[in-house]
Every structure is written in C-alpha cells, then in structure tokens.
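Construct the entire structure; sequences and hints are all you get.
The sequence shown begins at 1 in my numbering and counts up by one.
Bear in mind the hints are in silico, worked out from the structure with no lab data behind them.
Misleading hints may appear alongside valid ones.
Okay, derived cross-link-like pairs now, DMTMM-like style, lysine to aspartate or glutamate, Cα gap no bigger than 25 Å in a straight line [stated by the list, open to error]: (1) K20 with E4; (2) K2 with E52; (3) K41 with E14; (4) K41 with E98; (5) K95 with E108; (6) K113 with E98; (7) K85 with D110; (8) K2 with D42; (9) K6 with D42; (10) K85 with D71; (11) K114 with E103; (12) K95 with D80; (13) K95 with E74; (14) K95 with D110.
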Amino acid sequence: MKVEFKSAWFGPSEVQREGKINQSSGRRYRPGIHFVPAELKDLLPKSAKIIEDDTPAPAPVSRDPGLSLRDFDETRAAGDAETEKAQEAEEALRKNAERLQAELAAEEADRPKKGKR
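So, in structure tokens, the structure goes:
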C-alpha cells in the first residue's frame with residue numbers, strides 16, 4: 001500500500017535483533033511517499049493520505065436462510081418438554097424413595113426389639 005505522509009511517523013514493525021540489548025520493533029517514516037504493509041492501515045495518522053490501496057475488499061456477509069423464529073420456537077419447545085420430563089422423573093424418584101423409607105420404617109416397627117430379657 002502506497003501512503004503519503006505529511007509529517008514524520010513512527011509505526012510498528014517486526015522485531016529486529018530479538019533478544020539483544022538494542023532490540024527494536026518499530027520503523028520511522030519521514031514525510032513523503034512510502035510503501036506500508038496493509039495491516040497498518042487502521043494505525044495510520046489522520047494526516048496520512050493513501051495513494052494506492054492494494055488491500056482486498058472484505059467478502060460480503062451472507063445470512064443463513066435456514067434459521068427463523070419458528071426454528072427457535074421449536075427448539076425452545078423441545079427443550080421445555082425435555083425439562084418437564086426430567087422434572088417428572090425426579091418427582092417419581094423422590095416419591096419412590098419416600099415409599100421405600102416408609103416401608104422400611106414399618107418393617108422395623110414390626111420386628112421385635114432386641115434387648116435385655
């Protein structure tokens with residue numbers, strides 16, 4: 001991308017001399033025309049003027065035609081039915097546990113108590 005700078009600008013770049021004492025990761029652009037990577041387009045100063053833009057245009061966003069409110073309603077209804085079944089099963093399990101505890105208590109009440117004679 002070709003850019004004309006009106007004033008000096010210090011822009012980011014790849015790290016040079018990595019791991020050294022004088023490591024740097026920037027580049028100085030003096031006033032004039034320079035080639036700049038397209039990734040820096042959003043970071044350019046307001047005074048910079050883009051002369052030649054070679055960045056590809058973004059692809060158009062396409063909507064998925066398969067999704068509608070009816071689909072969401074059906075999904076929600078299926079989820080509600082599943083939740084209701086789970087609650088019914090939980091209630092039946094609780095009632096069964098109570099019944100078994102009552103039967104166990106009745107059996108223990110019928111048994112003769114062990115103790116001193």
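Going down the list of hints, with the structure as the test:
1. In summary, the hint linking K20 to E4 is not supported, as the alpha carbons are separated by about 33 Å, beyond the 25 Å threshold.
2. Distance restraint check for K2 and E52: the Cα-Cα separation of roughly 5 Å lies within the 25 Å cut-off, and the hinted pair is therefore satisfied.
3. The straight-line distance between the Cα atoms of K41 and E14 is roughly 16 Å, inside the 25 Å bound, and the hint therefore holds.
4. The straight-line distance between the Cα atoms of K41 and E98 is roughly 70 Å, outside the 25 Å bound, and the hint therefore fails.
5. Restraint check for K95 and E108: the C-alpha separation of about 20 Å stays at or below 25 Å, so the hint holds.
6. Taken as a hint, the K113 and E98 pair is honoured in the structure, with Cα atoms around 24 Å apart against an allowance of 25 Å.
7. Restraint check for K85 and D110: the C-alpha separation of about 38 Å exceeds 25 Å, so the hint is violated.
8. The suggested pairing of K2 with D42 holds, with an alpha-carbon distance near 14 Å, which does not exceed 25 Å.
9. Distance check on the hinted pair: K6 and D42 sit about 17 Å apart at the alpha-carbon level, within 25 Å; holds.
10. Between K85 and D71 the alpha-carbon distance is near 21 Å, which keeps this suggested pair within the 25 Å criterion.
11. Straight-line distance between C-alpha atoms of K114 and E103 comes to about 20 Å, which keeps the hinted pair within the 25 Å bound.
12. A C-alpha spacing of about 23 Å is found between K95 and D80, which places the hinted pair at or below 25 Å, so the restraint holds.
13. Under the criterion of a C-alpha separation no larger than 25 Å, the hint pairing K95 with E74 is inconsistent with the structure, at around 32 Å.
14. Between K95 and D110, the direct Cα distance comes to roughly 23 Å. Compliance with the 25 Å bound is thereby established for this hinted pair.
Hints 1, 4, 7, 13, counting from the list given before, are not met by this structure.
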